[in-house]
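Undergrad: Sequence:
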Amino acid sequence: MSMSLAPFSAIESRIAASTLTMLANVVVTPAGGEPFGAEFDLADIDPIAPPSIIGDAQITYLATAGVLQPGDTILIDATPWRVASDPVRDGALLTVQLREAA
0 MSMSLAPFSA IESRIAASTL TMLANVVVTP AGGEPFGAEF DLADIDPIAP
50 PSIIGDAQIT YLATAGVLQP GDTILIDATP WRVASDPVRD GALLTVQLRE
100 AA
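Everything in the sequence shown is counted per numbering that gives the first Met the number 0, starting at 0 for the first residue and increasing by one.
One thing to keep in mind: the hints can contain errors.
Said to hold, decoys possible - If you anchor each label on the Cβ, the simulated ranges turn out as follows: (1) Ala9 / Gly70: 27 to 35 Å; (2) Ile10 / Ala77: 18 to 26 Å; (3) Gln68 / Asp40: 14 to 22 Å; (4) Ala100 / Asn24: 16 to 24 Å; (5) Ile10 / Pro79: 31 to 39 Å; (6) Arg88 / Gly31: 17 to 25 Å; (7) Ala42 / Ala9: 28 to 36 Å; (8) Ala9 / Thr78: 29 to 37 Å; (9) Ala100 / Ile10: 31 to 39 Å; (10) Ala9 / Ala77: 29 to 37 Å; (11) Glu33 / Ile10: 23 to 31 Å.
No wet-lab data here; the hints were simulated from the structure. Even glycine gets a Cβ: it sits at the ideal position worked out from N, Cα and C.
Start from the sequences, fold in the hints, and give me the full structure.
TA: In structure tokens form, the structure reads like this:
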């Protein structure tokens, strides 16, 4: 009988998926990819100020949706954003920083 090194990983993935499904507030459409739900967080910024910088916005999404790479362009509610950081993994979730695409 073999023992898994991560016996609770399947449970963690199901919990993460359920939680993100409830918290998702946007649909992300990557270039040439399938749309997926994500939690979008936009810092309080001055609407008159110049375009956002890294850290002003981020999305958290399920790793099963695929890995976004720095430089990728995605659409969030028909607004283009550019992935500005490598994904940071937290269990079954990935978080990337975004920058407004000009």
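Undergrad: Take the hints in turn and mark each one as holding or not.
TA: Hint check:
A hinted range of 27 to 35 Å for the beta carbons of Ala9 and Gly70 is consistent with their spacing of about 33 Å. Judged by the Cβ atoms, the range 18 to 26 Å given for Ile10 and Ala77 is violated: they are separated by roughly 36 Å. Remark: the range hint 14 to 22 Å for Gln68 to Asp40 is upheld by a beta-carbon distance near 20 Å. Between Ala100 and Asn24 the Cβ separation comes to about 20 Å, which falls inside the hinted range of 16 to 24 Å.
The hint said 31 to 39 Å for the Cβ distance between Ile10 and Pro79, and at roughly 37 Å that hint holds. Checked against the hint of 17 to 25 Å, the C-beta distance between Arg88 and Gly31 comes to roughly 23 Å, which is consistent with it. At roughly 34 Å, the beta-carbon separation of Ala42 and Ala9 lies within the given 28 to 36 Å, and the hint holds. About 35 Å separates the C-beta atoms of Ala9 and Thr78, a value consistent with the hinted range of 29 to 37 Å.
For Ala100 paired with Ile10, a C-beta distance near 37 Å keeps the hint of 31 to 39 Å intact. For Ala9 and Ala77, the hinted distance range of 29 to 37 Å is satisfied, since their beta carbons lie about 36 Å from each other. Our hint of 23 to 31 Å for Glu33 and Ile10 holds, since their Cβ atoms are close to 25 Å apart.
Checked against the numbered hints given earlier, the structure breaks only hint 2 and satisfies all the rest.
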